[in-house]
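Asker: With UniProt numbering, letter number 63 in the sequence shown gets 63, and the count goes up by one each step, no holes.
Quick caveat, the hints were computed from the structure, so don't treat them as lab data. Nothing false has been slipped in among the hints.
Derived pair list, reagent style SDA-like, types lysine to any residue, alpha-carbon separation capped at 25 Å:
1) Lys195 to Gly212
2) Lys109 to Ser57
3) Lys235 to Gln246
4) Lys109 to Phe36
5) Lys235 to Glu209
6) Lys109 to Val62
7) Lys235 to Leu198
8) Lys109 to Leu27
9) Lys281 to Arg231
10) Lys281 to Trp84
11) Lys227 to His244
Listed next, with one range per pair, are the computed distances between beta-carbon atoms:
12) Gly51 to Leu9: 36 to 44 Å
13) Val50 to Pro132: 20 to 28 Å
14) Arg6 to Leu110: 37 to 45 Å
15) Asn213 to Phe19: 23 to 31 Å
16) Val50 to Asn213: 52 to 60 Å
17) Val35 to Ile90: 21 to 29 Å
18) Leu27 to Gly119: 23 to 31 Å
Every residue gets a Cβ at the ideal spot worked out from N, C-alpha and C, and that includes glycine.
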Amino acid sequence: MLQPLRSFLNRPIAEEFSFSNHFRQSLQAGLYVFVFVTLLNGGFGQLPMVGAMTFLSMGVVVTVLIANVFIPRLLPSIYDEDRWTVGRHILHVLWVLFLISCSNELILKLLNLKGPTFGDMYLYVTLIGFFPIMLGVFLTEQRRLKRNLAHAQALNTIVSHRSEPSTKTLYQSVDPTPERLTQPSPILFIAENGKDRLSLQPDQLIYVESVGNYVDIHWRNADQLQKTVLRSTLKEIADSLSHHPQFFRCHRAFLVNLQAISQTEGNARGYQLTLTGVTSKIPVSRSYLETFDERLEKVAQPV
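With these hints in hand, go ahead and build the complete structure from the sequences.
Answerer: Given below as structure tokens:
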């Protein structure tokens with residue numbers, strides 16, 4: 001019993017705590033509260049009630065914006081979109097409804113209107129808002145999951161028809177022989193201090209991960225996967241690779257070699273990439289999905 005519940009609560013779910021996304025949702029929430037509660041209390045013929053509901057609805061709009069945009073920016077470690085789950089979202093919705101209840105209580109006092117106790121207010125707000133919100137979220141997530149799974153399957157078909165680059169080029173080591181004269185020019189990565197450097201052939205680079213003020217460069221030397229740490233930013237790395245279409249920034253913390261992809265999996269948040277020879281999966285954020293699909297189709301051509 002507990003294991004299915006735990007699996008459900010830990011299920012990944014997509015969320016974007018941006019102003020543009022939640023401004024529209026906050027307006028919808030305010031309109032929903034205005035229409036639903038006004039009709040519940042006798043309709044639009046009672047002007048005092050309509051006036052009070054106008055202020056309460058405005059309070060909902062402001063509160064939802066604060067809870068969904070500004071608070072996540074103050075607490076980024078808690079509101080990490082990459083680790084957002086059903087359980088976290090349920091707690092967040094209850095938190096938002098709690099703040100709306102506080103807003104309602106404050107507005108009623110300012111208008112000198114009698115209202116229910118805070119406990120009853122929170123109960124009413126939760127009954128009105130919780131289930132419609134969660135139902136909308138789950139319906140949206142099911143559509144998104146179905147779409148991402150279908151797209152991932154299509155991308156796997158593209159990857160499977162591509163000739164394997166890893167055997168001959170991806171895993172080759174630096175070998176200063178005359179044969180290397182026909183190979184592409186090496187890529188030079190330079191740390192911020194100007195002293196630490198790493199020179200690689202394009203096909204040696206597997207992926208780059210941003211870790212604080214440093215980047216972990218994962219690359220292949222013969223049959224060994226190696227990691228080099230440089231003090232730099234992922235943006236600087238991406239800029240240095242801008243002339244190489246096989247490299248793509250798929251996440252705020254990851255940049256990958258598209259030719260190293262062996263499998264793509266879809267979930268509600270986006271994709272999970274499996275790279276040849278790499279055990280950990282690389283995420284593709286929702287905001288990068290469309291561009292990722294287009295780039296992979298161009299790059300994943302038979303060699």
